[in-house]
Amino acid sequence: MKNEVKIQAVNPSLDSRRSFLKLSGLALASASLLIAGCSDSDDDQPMQEDTLPGVRNGVFDLGSGDFGVLTYAYALEQLEADFYTKVVNASSFNSAFSSLEREVLTDLYHHEVVHRDFFKAALTGALPNPSTQLLPTLSFNYGSLNFNSRTEVLATAKALEDTGVAAYNGAGRLIKTADYLLLAGKIVSVEARHASAIRSLINPNSKDFAGDDIVNMSTGLDDAKDPSKILPIAGGFISTKFTAKYLP
Amino acid sequence: MNILKFIESFADERIMQSMGTRRESFAQFGNIGKNLAMASIPFGLSALSSKAFAKDITATPATPIGALQFALTLEYLEDEFYAMALDSGVIPASENGGRDLKVFQQISAHESDHVKFLIAGLGGTASANFVAKPTFDFTVGGAFDPFNDYPTFLALAQAFEDTGVRAYKGQAANLITTPDLLTAALQIHSVEARHASEVRRLRGLKGWISNAERGAGMPAATQAVYDGEGVTVQAGFNTAAAFGAAAGSEAYDEPLNTQQVVDIANIFIV
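Protein sequence lines, in the order shown, are assigned to chains Z and U. Be aware that the first sequence starts at 1, since it is given in full-length UniProt numbering, and climbs by one per residue. Be aware that the second sequence starts at 1, since it is given in full-length UniProt numbering, and climbs by one per residue.
Hints are computed from structural coordinates only; laboratory data are not their basis. Everything numeric in this text was worked out from a predicted model, so none of it was measured. Keep in mind that a hint or two might mislead.
Stated by the list, open to error - Using 25 Å as the maximum straight-line C-alpha spacing, the simulated DMTMM-like pairs for lysine to aspartate or glutamate come out as follows:
#1 K186/Z with E103/Z
#2 K206/U with D66/Z
#3 K133/U with D145/U
#4 K102/U with D82/Z
As the list claims (entries may be wrong) - Examples of chain U residues toward chain Z, derived with CB under 7 Å:
#5 A93
#6 G97
#7 Q106
#8 A173
#9 L182
#10 T183
#11 S190
#12 V191
#13 A193
#14 R194
#15 S197
#16 A235
#17 A245
#18 A247
#19 G248
#20 Y252
Glycine residues also receive a C-beta, built at the ideal position from the N, C-alpha and C atoms.
Just need the whole structure built from these sequences, with the hints factored in.
Here is the structure:
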């Protein structure tokens, strides 16, 4: 639980890596206000052109439009895949977890690696110039997270899976191509199955698999968050700098 | 098969309602309905067909409103199923530390919320877009006993939740022009997936679908819910390459189109 709190906290100081991500979120909020203003004043204005992913002012930006959303998903899947790779390779994996827990975590490791490699292949195939537009392999830093602690690993897995669900749910509306939307849909329900299973491992005899902390109690709706809300959370673990100035 | 004989057999209400026919297979039953629908038009027998299936639901249009109407009918089905199960006492209250009852109370609450949410989204019960709740028969003419037999209840719950996940996914493209509705549908979709995972795990299965397997203990009749789940090529990428076909297929849930879901739902609509 301690770790979950940690990764959701956003360090307000301006010189840290996390606030860099937060800052890009803020810059983005004002940018989207500007765009909203434009479209209100002129309905006939052609749709704003997408910004392709790539390095701008020395930092990789995820871009906008379908490629921006897919690149954003690729960043999140890189994090999940890296996390579970470390989980199943931790020295105490066999002793810290029950056989059922190991089976679940190994499946999640497989699924997330497949998701990551899928996005890499799909983006490499679809981007006009992947050598400069493909998000690089990111580096990760989990701080004091103890990969041999069942409690810490499961709490972090829960946070990552819930965040993944909220991210895909929030990003669906940004996708313009039906095929890409369907692909995101195929993945998000698997992330939700993961989130449910992890929550159930943490607290089996309960309603936590779809708990009132994550599913709205009056609408029955799951969480949905914009990239600017997700990146400060996920960014706590990502040590490679990137920005998302063109995503809401 | 002699198509006239085939249609004749279905026009006979006694055969129609006999348990023998109903029992055979969900998948087969869905196919029979489709074959009959196709056969009836060229033979000028559409009146017969509409009589035989008077209360069946039909595929909704590929529009945002159609998608919501379709979703509402599915939520009606799930909502009534869980409400009846909770009323019946079939769900054990104390086994597994009370887990089963807590799980289905929570799922029931969500399905009830989804019904209310979708009715509101369609403009309320007085709206022209509103669709009324069909009449359900979860025993399928007496072939199943979900409100007295807990394993049957669990198996149907798994089938409904896994169907729900595939059904919402199949509607996403119909909502691409209405971002707010799309977001809401995605938010329901992932809740159905959370439910599906937990129900599967209560049944001793993995929370995700391996290949196109319905899983141990699921009646063969539910196979239509799992057909097509074994895909291992996504946008040209071989998802089986790294860890095998089971893992690759588990990593992606596949959609069902409107007609496929309608065929499954109609099994429970009288």
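Against the structure, the hints come out as follows:
At most 25 Å may separate the alpha-carbon atoms for a hinted pair to count; K186/Z and E103/Z meet this at roughly 22 Å. At most 25 Å may separate the alpha-carbon atoms for a hinted pair to count; K206/U and D66/Z exceed this at roughly 32 Å. At roughly 22 Å between alpha-carbon atoms, K133/U and D145/U fall within 25 Å of each other, so this suggested pair holds. About 34 Å separates the Cα atoms of K102/U and D82/Z, which puts this hinted pair outside 25 Å; it is violated.
For A93/U, the shortest C-beta to C-beta distance to chain Z is roughly 12 Å, which exceeds 7 Å, and the interface hint is violated. Taking 7 Å as the C-beta contact cut-off toward chain Z, the hint placing G97/U at the interface holds, the least distance being around 4 Å. Among the interface hints, the one on Q106/U holds; its C-beta lies about 4 Å from the nearest C-beta in chain Z, closer than the 7 Å criterion. Residue-level restraint check for A173/U holds (minimum Cβ-Cβ distance to chain Z is 4 Å; threshold 7 Å).
Interface restraint check for L182/U: the shortest CB-CB distance to chain Z comes to about 5 Å, inside 7 Å, so the restraint holds. Checking T183/U against chain Z by beta carbon gives a least distance of about 5 Å; that is within 7 Å, so the hint holds. Hint status for S190/U: holds, given a least beta-carbon distance of 4 Å to chain Z, under 7 Å. The criterion of a C-beta within 7 Å of any C-beta in chain Z is met by V191/U, whose closest approach is roughly 5 Å, and the hint holds.
For the restraint placing A193/U at the interface with chain Z, the shortest Cβ-Cβ distance is roughly 4 Å, inside the 7 Å limit, so the hint holds. Against a cut-off of 7 Å between C-beta atoms, the interface hint on R194/U holds, since the closest Cβ of chain Z lies about 4 Å away. Hint status for S197/U relative to chain Z: holds, with the closest Cβ pair at about 4 Å, below 7 Å. Checking A235/U against chain Z by beta carbon gives a least distance of about 5 Å; that is within 7 Å, so the hint holds.
The interface hint given for A245/U is violated, since its Cβ lies 11 Å from the closest Cβ of chain Z, which is over the 7 Å cut-off. This hint holds: A247/U has a C-beta 4 Å from the nearest C-beta of chain Z, less than the 7 Å allowed. Contact between G248/U and chain Z, as hinted, is supported at the beta carbon level, the nearest pair being about 6 Å apart and thus within 7 Å. For Y252/U, the interface hint holds, the least distance from its beta-carbon to any beta-carbon of chain Z being 4 Å, beneath 7 Å.
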